[in-house]
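**Q** The primary structure of each chain is shown beneath.
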Amino acid sequence: MFEQIAFYLFSVLTIGLFLITVFSKNVLYAMTSLASGMVLIAGFFFLVGADFLGVVQLIVYVGAVMALYAFGMMFFNVTKDLKEKTTSNIWVMIIGVTVALLMTLMFGGAINPDAIYASLPINSSMTNPQAVGMALFTKYLVPFEVAAIMLLIAMIGGIVLAGKKMDKSLTDAEDEKIQPKDVK
Amino acid sequence: MIGLNHYLILSGILFSIGLVGVLRRKNLLMLFFSTEIMLNAANVAFAAISNFYNDLSGQMFAFFIIAIAASEVAIGLGLLILVYKKENTLDLDDLASMKG
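Chains A and S are the protein sequences, given in the same order.
Those letters in the first sequence? Residues 1 to 184, per my numbering, in order.
Those letters in the second sequence? Residues 1001 to 1100, per my numbering, in order.
Incorrect hints may appear among the rest.
Derived lysine-lysine pairs resembling DSS-like cross-links, with alpha carbons at most 27 Å apart [as the list claims (entries may be wrong)]:
#, chain 1, residue 1, chain 2, residue 2
1, A, K83, S, K1026
2, A, K80, S, K1026
3, S, K1026, S, K1086
4, A, K83, S, K1086
5, A, K25, A, K80
6, A, K83, S, K1099
7, S, K1099, S, K1086
8, A, K80, A, K164
9, S, K1085, A, K83
10, S, K1086, A, K139
11, S, K1085, S, K1026
12, S, K1026, S, K1099
13, A, K139, S, K1099
14, A, K83, A, K25
15, S, K1086, A, K25
16, S, K1099, A, K164
17, A, K80, S, K1085
18, S, K1085, A, K139
19, A, K164, S, K1085
20, S, K1085, S, K1099
Which residues of chain S face chain A? A few of them, derived with a C-beta cut under 7 Å, are [stated by the list, open to error]:
#, residue
21, G1021
22, F1033
23, M1038
24, L1039
25, N1040
26, A1042
27, A1062
28, F1064
29, S1071
Now the in silico label distances, taken between C-beta atoms and shown as ranges [said to hold, decoys possible]:
#, chain 1, residue 1, chain 2, residue 2, range
30, A, N123, S, S1097, 54 to 60 Å
31, S, M1098, A, L102, 30 to 36 Å
32, A, L101, S, L1082, 36 to 42 Å
33, A, M126, S, N1088, 52 to 58 Å
34, A, K80, S, I1068, 30 to 36 Å
35, S, K1086, A, V142, 34 to 40 Å
36, A, N89, S, I1068, 27 to 33 Å
37, S, K1086, A, L105, 43 to 49 Å
38, S, T1089, A, V146, 23 to 29 Å
Hints listed in this document are in silico derivations from the structure and should not be mistaken for laboratory results.
Glycine is no exception: its CB is placed at the ideal position from the N, C-alpha and C atoms.
Chain A extracted, bound-state conformation (with noise of 0.2 Å):
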């Protein structure tokens, strides 16, 4: 019961939130909605037995990923309104609705269900956190290391791609052009 209440109400909280999020002309508005709809998404894996992925969505994206687009906004010109040239609606949301149809088909209808075997099953004797530390070390441990030099790269691109000349103001000076410095 409390099931249904709660995947319905969550489900046309985030659903509303992410429209507003595509549809929205304000950026600002478009990021706070985005990382409300984030916390939601993270009461699904709550919903679905999954807590500690609900708690690394929480903080992964609602934490940093939010953070660090709001910390990106400061450097883009946020206060006015979005003036896009939008291009025949009606196709892009023909091709959206059937892309919804076509994957509802595909997970719905075209998977045999008795064929499905678990590879990796749920441990009923160990809490999920236990388990997914079990599984993370054991059988994930190659892609595990693989993703952690993936995020250490990502974070020395980031320092070097943004943190160039970050003593000077954008915004203010909209008129002269920031001239890139000789490479040496």
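Given chain A, work out where chain S should sit, using these hints.
**A** Frame of chain A, contents of chain S only:
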């Protein structure tokens, strides 16, 4: 009772919202937001399948998707800042530099 199909249909709806955003918006920052929505929709589907088939692999895939999304944002925002410094705009129509 909430079954697997409920979650998959929700995931499909969220994914198509993200897809409509990618197709419709012209601002690069909004394109990034839309890709985040699509990645999250995939994560919901993975977690639900992991629960209903009693298999932990779905959650593992969702973890790696989150890690990839985090690094994508780090690199992508760096590139966005560089583009904004160079061109002073993030609109895709204004950034089109090739005639064709």
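**Q** With reference to the structure, classify each hint as holding or not holding.
**A** Hints and how they fare:
| no. | hint | result |
| --- | --- | --- |
| 1 | A:K83 x S:K1026 | 9 Å, holds |
| 2 | A:K80 x S:K1026 | 15 Å, holds |
| 3 | S:K1026 x S:K1086 | 18 Å, holds |
| 4 | A:K83 x S:K1086 | 20 Å, holds |
| 5 | A:K25 x A:K80 | 9 Å, holds |
| 6 | A:K83 x S:K1099 | 22 Å, holds |
| 7 | S:K1099 x S:K1086 | 19 Å, holds |
| 8 | A:K80 x A:K164 | 26 Å, holds |
| 9 | S:K1085 x A:K83 | 19 Å, holds |
| 10 | S:K1086 x A:K139 | 45 Å, violated |
| 11 | S:K1085 x S:K1026 | 18 Å, holds |
| 12 | S:K1026 x S:K1099 | 18 Å, holds |
| 13 | A:K139 x S:K1099 | 51 Å, violated |
| 14 | A:K83 x A:K25 | 8 Å, holds |
| 15 | S:K1086 x A:K25 | 24 Å, holds |
| 16 | S:K1099 x A:K164 | 31 Å, violated |
| 17 | A:K80 x S:K1085 | 18 Å, holds |
| 18 | S:K1085 x A:K139 | 44 Å, violated |
| 19 | A:K164 x S:K1085 | 11 Å, holds |
| 20 | S:K1085 x S:K1099 | 23 Å, holds |
| 21 | G1021 | 4 Å, holds |
| 22 | F1033 | 5 Å, holds |
| 23 | M1038 | 10 Å, violated |
| 24 | L1039 | 9 Å, violated |
| 25 | N1040 | 5 Å, holds |
| 26 | A1042 | 10 Å, violated |
| 27 | A1062 | 6 Å, holds |
| 28 | F1064 | 6 Å, holds |
| 29 | S1071 | 3 Å, holds |
| 30 | A:N123 x S:S1097: 54 to 60 Å | 56 Å, holds |
| 31 | S:M1098 x A:L102: 30 to 36 Å | 32 Å, holds |
| 32 | A:L101 x S:L1082: 36 to 42 Å | 39 Å, holds |
| 33 | A:M126 x S:N1088: 52 to 58 Å | 54 Å, holds |
| 34 | A:K80 x S:I1068: 30 to 36 Å | 32 Å, holds |
| 35 | S:K1086 x A:V142: 34 to 40 Å | 39 Å, holds |
| 36 | A:N89 x S:I1068: 27 to 33 Å | 31 Å, holds |
| 37 | S:K1086 x A:L105: 43 to 49 Å | 44 Å, holds |
| 38 | S:T1089 x A:V146: 23 to 29 Å | 36 Å, violated |
Violated hints for the displayed structure, listed by number in ascending order: 10, 13, 16, 18, 23, 24, 26, 38.
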